[in-house]
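Line by line, the protein sequences are chains A and B.
Numbered per numbering that gives the first Met the number 0, the first sequence spans residues 0 to 372.
Numbered per numbering that gives the first Met the number 0, the second sequence spans residues 0 to 372.
Simulated from the structure, these hints should not be mistaken for lab results.
Hints may contain errors.
[What the hints assert, rightly or not] The calculated lysine-lysine pairs, modelled on DSSO-like cross-linking and capped at a C-alpha distance of 27 Å, are:
| # | chain 1 | residue 1 | chain 2 | residue 2 |
| --- | --- | --- | --- | --- |
| 1 | B | Lys-213 | B | Lys-182 |
| 2 | B | Lys-217 | B | Lys-127 |
| 3 | A | Lys-127 | A | Lys-213 |
| 4 | A | Lys-182 | A | Lys-137 |
| 5 | B | Lys-343 | A | Lys-244 |
| 6 | A | Lys-343 | B | Lys-244 |
There are 2 protein chains.
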Amino acid sequence: MTITRFMPPHRILMGPGPSDISPQVLQALSRPTIGHLDPLFIGMMDELKQLLKYAFQTENEFTIALSAPGSAGMEACFVNLIEAGDKVIVCRNGVFGERMRENVVRAGGQAITVDDEWGSPVSVAKVKQALIDHPEVKIVAFVHAETSTGALSDAQAIGTLAKEYGALTIVDAVTSLGGVPLKVDEWQLDAVYSGSQKCLSCTPGLAPLTFSAKAIEKIQNRRTPVQSWFLDQSLVLGYWSGEGKRSYHHTAPVNSLYALHEALLMLHQEGLENAWYRHQQMHEKLKTGLEKLGFTFVVDQAYRLPQLNAIYVPEGIDEANVRRHLLETYNLEIGAGLGVLAGKAWRIGLMGYGARQENVALCLRALEESMIE
Amino acid sequence: MTITRFMPPHRILMGPGPSDISPQVLQALSRPTIGHLDPLFIGMMDELKQLLKYAFQTENEFTIALSAPGSAGMEACFVNLIEAGDKVIVCRNGVFGERMRENVVRAGGQAITVDDEWGSPVSVAKVKQALIDHPEVKIVAFVHAETSTGALSDAQAIGTLAKEYGALTIVDAVTSLGGVPLKVDEWQLDAVYSGSQKCLSCTPGLAPLTFSAKAIEKIQNRRTPVQSWFLDQSLVLGYWSGEGKRSYHHTAPVNSLYALHEALLMLHQEGLENAWYRHQQMHEKLKTGLEKLGFTFVVDQAYRLPQLNAIYVPEGIDEANVRRHLLETYNLEIGAGLGVLAGKAWRIGLMGYGARQENVALCLRALEESMIE
Chain A
0 MTITRFMPPH RILMGPGPSD ISPQVLQALS RPTIGHLDPL FIGMMDELKQ LLKYAFQTEN
60 EFTIALSAPG SAGMEACFVN LIEAGDKVIV CRNGVFGERM RENVVRAGGQ AITVDDEWGS
120 PVSVAKVKQA LIDHPEVKIV AFVHAETSTG ALSDAQAIGT LAKEYGALTI VDAVTSLGGV
180 PLKVDEWQLD AVYSGSQKCL SCTPGLAPLT FSAKAIEKIQ NRRTPVQSWF LDQSLVLGYW
240 SGEGKRSYHH TAPVNSLYAL HEALLMLHQE GLENAWYRHQ QMHEKLKTGL EKLGFTFVVD
300 QAYRLPQLNA IYVPEGIDEA NVRRHLLETY NLEIGAGLGV LAGKAWRIGL MGYGARQENV
360 ALCLRALEES MIE
Chain B
0 MTITRFMPPH RILMGPGPSD ISPQVLQALS RPTIGHLDPL FIGMMDELKQ LLKYAFQTEN
60 EFTIALSAPG SAGMEACFVN LIEAGDKVIV CRNGVFGERM RENVVRAGGQ AITVDDEWGS
120 PVSVAKVKQA LIDHPEVKIV AFVHAETSTG ALSDAQAIGT LAKEYGALTI VDAVTSLGGV
180 PLKVDEWQLD AVYSGSQKCL SCTPGLAPLT FSAKAIEKIQ NRRTPVQSWF LDQSLVLGYW
240 SGEGKRSYHH TAPVNSLYAL HEALLMLHQE GLENAWYRHQ QMHEKLKTGL EKLGFTFVVD
300 QAYRLPQLNA IYVPEGIDEA NVRRHLLETY NLEIGAGLGV LAGKAWRIGL MGYGARQENV
360 ALCLRALEES MIE
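This is chain A alone, in the form it adopts within the complex:
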């Protein structure tokens, strides 16, 4: 075996995530590991909860970072909140809505799907109709910001609607958290998960997660145990809170949590509103440049995510070739299309620390040069 130390190059990450990471966050990651039950670590976790509450705009006591990627955050919501036979409205307008449906089925639930075109937002009217048609539904699940298309759905409207019909909401905020307004308490959302590697610009591997008091109540009144031991949040709760004594559940990913603490601290220092504004500004700049180059967007302006720009690949262009060229020549990563958009679109991310002037300028120039060659 002739394996040597792995020295990655410095890539500029403008795909759908992981996003560019600030040197500060990478530095935090490599600070000395301490024990997961060390009093200093417990103190850091308490701060992390406060910072997460700020990012989510919530006072939910249960606000943590799950020790696994966003997909596990999604699964945690479903396996904790639904029991065998439960009916769940699942909105599908891209890859992640379908993944939600898959989760419902695997947890023994029944999925009632509300479908919209890829690139469109979730239709609030259709959700309302589904709630009328299925009064027994107790949960509405939808994706706030579809990473596969770049469409933003109206989480506030769906949240309010669900409450009217007495249903809880499960919300995928993987790509929205930190990039566009997300107000968990004001919008009355119940179970919201995200990922560390998008607009928070932390390393991948953690899933910020918040449950409302109503969601916790539902978990506490379950008739059957959660099918997953690792994702059973009633057990995890004993580690993330509790006066004085914390009970051991699993060994927390100590260093990754240092990095998330640092990334959230940067977000807090910048201010959420400023971060949203910066994403919007960088998007405008990118958009102007892309349109000048003749590109068209997959998603209409009205519900287009600033942090994820899906554009059609021009006819006659070998899209994989262009991406390879960008990576090899400029160390620039942009994303391929996913699902029905595979081969047809590129996804350009402007997430967190990646939403900077120099990235926009490089991306435009490199794309222009690549298309000519």
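Mind docking chain B on chain A? Use the hints.
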């Protein structure tokens, strides 16, 4: 909110894990993040698989690092290998055997428990009797190195026995991998999981995992889908292997995998046999010192783990007070007792990079001083 940057002190980690981490590994952790589908990253993953095969002593094609802690590695084995109604022999001689039983039940299986005293190894004779009594059993699950007591069980004997009776094995090698001999192929073990934060001395958060061809065959012949989407290894397989094209499953914890690559490279450079020998040597030294101080071990010499030394707290000593003193005065962490040993024992880890002369010397001296004061 007045939260500032978190600067952890440099602790000497001699508890049950996370263990001391080499500066090299921490450095690897903070290298620039690249995309989880970047060709260079895919190349790194291929090397990682080779390094993991070496550590596990296996040629199993399915040898990966799961993107979550060891507990999720445990759950991955159970949810992939058992289906509703399946009977599983679960050996319990500490905390983690009981956690295995919990996993069997939550996956819809039926657990047949084989119990041994805490501090004793799993009785091979009892396992044999259980296999005779329950010929319909298709899986035997046991913990190779019980982290809660420091007892080593005979994985080779249990593996051979299970094969004789046509059963697969699920083996917890969280604390054994890299610290004591573990030979997956030679011992005919089928599904073996570990953790990154023990004798591999990597940061916590990853679960090395290997499945034999027989285990993969069982997964491929399932009648029902795996209840977890995130842990469904038939989906994960598409990301960790496949000629040329890798399919997206979830975003891999890129930086944590850099660190594991580095930690495994260090293990390979030292050589497995040398690492095992070093753990044994450091244990001998610690043992001599501890016995001189009057301490007695929870586990008999014959099946005592060198990397996890559980000793009884002397009568009249406030154990939490001593641990606090060690932490505050010497930045030294040792572990508390877990489960039935809570308040009665300490667990001193000599794992991976932590198994060094300077750590043994410090621990003995600090314990001696603490007991006098």
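- [ ] Tell me, in ascending order, the numbers of any earlier hints that this structure violates.
- [x] none
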